[in-house]
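From first to last, the protein sequence lines stand for chains A and B.
Residue numbering for the first sequence follows this note's numbering, starting at 1 and increasing by one per position.
Residue numbering for the second sequence follows this note's numbering, starting at 1 and increasing by one per position.
None of these hints come from the bench; they were simulated from the model.
These figures come from a predicted structure and were not determined experimentally.
Glycine included, every Cβ here is placed at the ideal spot set by N, Cα and C.
Worth double-checking, as some hints may not be accurate.
Stated by the list, open to error - Derived contacts from chain A toward chain B, CB cut-off under 10 Å, selection only:
#1 His100
#2 Arg103
#3 Thr104
#4 Ile106
#5 Arg120
#6 Gly143
Chain by chain, the residues:
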Amino acid sequence: MKLEEISEQLNVSAQCRKYGLSLWQCPQFLFLIMGIIIVVTAITVYWIGTKYIGDPYLVSLIILGVSAVLFVIDFTISHSFEKLAEANKIKSEFISIVSHQLRTPISNLKWAIELLMSGRLGKIEAKQTEYFKILKENIGRMGELVKDLLMVSRIEAQTLFLKEKRFSLSDMIKELIVAFRPLAKASNITISFKNQKDLPQIMADPFQIRQVIENLLDNAIRYTKEKGKVKLKLKLEHDNFYFEISDAGVGIPQKDKKYIFQKFFRTDNAMKYQTQGSGLGLYIAKSIIKKSKGKIGFKSQEGQGSTFWFTLPIKR
Amino acid sequence: MKKILIIEDESALQKTLGEVLSQQGYEVLPALNGEVGLKLAQSEKPDLILLDLVLPKIHGFDVLKKIKDNPETKEIPVIILTNLESMEDVKRAMELGATTYLVKANYSLEELTIKINQVFQNN
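Bound-form chain A, shown alone:
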């Protein structure tokens, strides 16, 4: 190992940044902590040894032995951690590169279809329009997936920054209900919204919070079987905004509850009922709420429905 490489390895915070990990998940930092533990153990062994064993050579030998074993364990563990962190970093970079590269062809397709459908290049027959609509819808789906993947790579690289400003959360929810009404109507679902009067404005990133509510609303509608109701609630609770969305949908099986906010995770019953979906929506929602200093959670019973909630600080 060259001198430069050694000094690079010794720069713990730079190494942690490289992997996009917090200090307590960073292999170099853990190596350091375990090194300190070895030193403390060696001193303790020396202290106990000199107190209870007469022979100083034996004490030294025990200390050397214990330290060597601990050092080997420390090195092995942190080295495996580093390998994992490296693999994770490569995976994140792969997602980022692929999704960036996919954006351009998707934009090309999206605009070309739009131009064709506008009739500016010639009249389009009804039957052709039908197929252009299919193309447009699927390009839209690809675009959404790529947007979600880019969001994931931003979250993982810790480059998700919030552009906070004041806005009415209640107005945003009302707008989204209007936007989702056609989807709800098509699925025979009614959406109701109960909000506390005279709520103050919130200080948060409107673009990101909109994404969270969109994801929750989309899930509530998609996972409701047949006719049903989706109920939204917004109120103040202590010094926080409290938002809640309940559905009478397929619900989440007990065994899957702990994985629900993990990326790419989809429950078996969700996949049975709704084949579309990347398993990224709730992971993104949780990351945004956490970054906005709020909390997110849910209660659910399989076959009965789910209630997802989040809180956000008021920040007057």
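Using the hints, position chain B against chain A.
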């Protein structure tokens, strides 16, 4: 007739965007790389420039800087049209003098033409 220079290396986007803008009554000048774009900006003095950032030969940021450093072209409004959307890129483009910054993936063709018309109205 108002002239719009499109500096964009994706020929598919050049074609689509060029078609729509021509139909709207604009004269469209296409440039497939930064070098040609810069030359056309100086020789043709367009009324508006649509500029991509990731470009061959000269990067979009350098093209923007050169346009804004040249007294003859610095008044031309430049719309950044890219798929890069990091805060640093937006900040850098605006500091260099871009009029507005649009992320391709977030706009439909119609919304884009509305934005272009708005820039003309404001200038």
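Margin query: Please list, smallest to largest, the hint numbers that this structure does not respect.
Written below: none
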